[in-house]
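Trainee: Protein sequence lines correspond, in order, to chains V and U.
Numbered by this note's numbering, the letters in the first sequence go through residues 69 to 380 in order.
Numbered by this note's numbering, the letters in the second sequence go through residues 470 to 798 in order.
None of these hints come from the bench; they were simulated from the model.
Predicted model only: the values in this text are computed from it and were never measured.
Ideal placement from N, C-alpha and C gives every residue a C-beta, glycine not left out.
Mixed in with the good hints, there may be bad ones.
[To be verified] Cβ pair distances, simulated, as ranges:
1) V:199 <-> U:623: 43 to 49 Å
2) V:200 <-> U:747: 25 to 31 Å
3) V:70 <-> U:675: 28 to 34 Å
4) U:590 <-> V:227: 57 to 63 Å
5) V:196 <-> U:675: 47 to 53 Å
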Amino acid sequence: MIKYICKRLIYLVLTLWVIVTATFFLMKKLPGSPFDAERFNMMSAQQQHVILEQYGLNESLPRQYVKYMGNILHGDFGTSFTYTGQKVSTVIGGRIGPSALIGLQAVLIGLAFGLILGIIAAWKHNSGIDYFTMIVAVLGVSVPNFVAAALLQYYVALKWGILPVGFWTDWRCSVLPSVALSFSATAMVARFIRTEMLEVLEQDYIITAKAKGLSPMKVLMRHAVRNSIIPVVTILGPIVVNLLTGSLAVENIYTIPGIGSLFVDSIKANDYSTIMGITIFYSAFYIFVVLIVDIAYSLIDPRIRLAAGREA
Amino acid sequence: MSRLLEVNQLRVQIETQHGTVQAVRGISFHLDEQETLAIVGESGSGKSISVKSIMGLLPKNGKIVEGSILLEGKDLAKYSERQMQSVRGSDISMIFQDPMTSLNPTMIIGKQIVEVLKEHRRDMTKAQMKERALELISLVGISNPEARFDQYPHQLSGGMRQRVVIAVALACDPRILIADEPTTALDVTIQAQILDLMRDLQKKIKTSIIIITHNLGVVANIADRVAVMYGGQLVETADVRDLFYETAHPYTKGLLASIPKASDKGSDLTAIPGTPPDLMEPPKGCPFAARCTKTMEVCRQYPPKDMLCRGTHRARCWLLDERAKALRE
């Protein structure tokens with residue numbers, strides 16, 4: 069197990085290196101520069117030279133790359149171009165909190181409601197609640213989260229005045245965006261657990277469980293749920309990453325200072341170091357979650373082994 | 470002697486998209502204390518559905534429409550789901566065909582055994598339950614029970630898993646053990662071991678067994694009495710000796726003739742030509758009439774009555790009627 073995790077961590081670093089390299093060169097290919105073109109051109113050649121040198125942009129691309137990689141290895145992600153003088157890590161650190169909180173809450177809401185809906189739907193297959201769940205699932209997947217966000221904001225916040233319309237002052241501000249983001253997760257989790265569960269409920273060991281004289285509830289909770297949860301764990305990885313790394317639309321609608329809007333702003337501004345920083349952060353987070361998911365598999369299903377040579 | 474189990478005129482219907490299947494059409498049989506009854510028949514003859522209705526485990530679209538299932542005088546057919554839960558696993562338990570799929574893959578086997586005790590033996594402490602589970606594991610012939618207790622089904626072989634399934638079924642010393650083709654999915658050598666085990670255990674814990682099979686070798690090996698099922702009806706019921714030596718029904722004769730013998734090397738296998746009747750629209754006469762070699766006019770028109778041959782040997786065949794005596798010879 070420990071050996072397996074170490075191996076996976078080495079893969080993690082290798083994958084990150086490939087992603088960082090690709091992003092670095094692609095980003096430099098973007099037209100424009102971090103500086104305001106009009107004002108930059110008004111400067112004298114000497115001034116331009118000083119500025120470029122200050123940001124290390126006067127050197128050749130391979131040299132910049134080597135230097136950047138060296139800095140990363142020392143944990144230095146550079147300074148932001150937009151937020152003058154601020155470290156990239158500080159900028160990201162200041163923005164990740166709200167996104168992570170909203171994302172985490174959305175994941176928990178989605179997981180809880182999705183599981184409950186999906187399990188009941190499978191248990192009462194072809195009943196009213198089953199059809200209801202499927203409608204919720206289709207809506208949840210097909211209605212964009214900004215529509216849900218706008219509707220919630222209009223009714224719950226503006227018309228009924230139950231929760232704040234936006235901004236980021238206290239925890240209550242995080243409720244509506246979390247709910248808005250949770251719909252798609254609810255829908256996906258419900259759909260996956262329902263499908264898998266319908267199959268599991270047909271299995272022989274479910275009949276064995278019934279033949280033991282267990283009540284339907286015990287059959288469901290002890291024998292069906294654990295055997296149906298694997299596909300949910302699989303999709304949970306991407307869902308967690310998606311939600312925790314922030315959504316531009318929802319953050320904009322509720323004026324939340326999150327990382328989703330930071331990412332888009334930094335790309336618009338050619339803020340090289342911030343783009344790199346966020347990319348590395350996203351990628352590392354994603355790969356890490358995938359690793360956690362793989363470990364979770366083996367905890368849920370004893371037939372899945374993390375033995376060497378099997379993971380390929 | 471009062472009967473342990475008595476099934477009277479049981480009719481079971483299954484609703485499908487294409488219509489109603491008359492899966493079981495008025496069968497009656499009984500089971501005595503410590504007796505082994507084999508129910509024999511081909512696929513679709515209704516044998517599995519019959520025992521599932523005893524367990525109250527019919528599929529959602531299946532329903533008992535007529536008849537009674539008396540367990541020591543109490544009619545299980547009238548029991549609610551909750552009442553059946555207290556019967557299942559305690560008074561009557563069941564083992565299934567495929568040991569590879571009938572254990573929960575994500576639960577250690579010890580827990581799967583303890584679970585039945587938890588359900589029906591509320592007075593036992595946790596430690597007692599574990600002790601009983603270990604005792605059961607060694608009772609079914611698995612060595613090193615302590616280690617096996619914590620293992621998952623995938624760590625055991627097929628024969629071993631069927632032993633675990635039997636241990637689960639026997640946990641609460643059931644009055645009746647229903648075995649639905651318990652050896653079909655196993656290797657021939659393991660089959661014999663499992664049958665031996667069931668016979669031994671029956672003596673030890675004094676349970677009655679209903680075994681469903683399509684293998685007459687299994688019948689000869691383990692059964693006291695045999696019920697032959699065809700087209701949703703019992704066509705012949707007899708002591709195991711009578712069934713093999715005084716066979717009354719042409720269908721049973723056909724079954725016996727189709728057992729391959731070691732002596733007829735190289736010759737083709739004997740089979741009963743034709744296919745079983747469609748139970749969506751069961752024939753109005755004898756269900757076997759279309760495939761029988763001795764069909765008479767009456768067979769196609771009127772269902773034969775249940776007739777007594779000798780002692781407790783009964784069969785449903787017009788050939789046994791007084792008026793057909795000449796033909797019988």
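Trainee: Which hint numbers does the structure go against, in order from smallest to largest?
Mentor: Per hint list: 1, 2, 3 violated.
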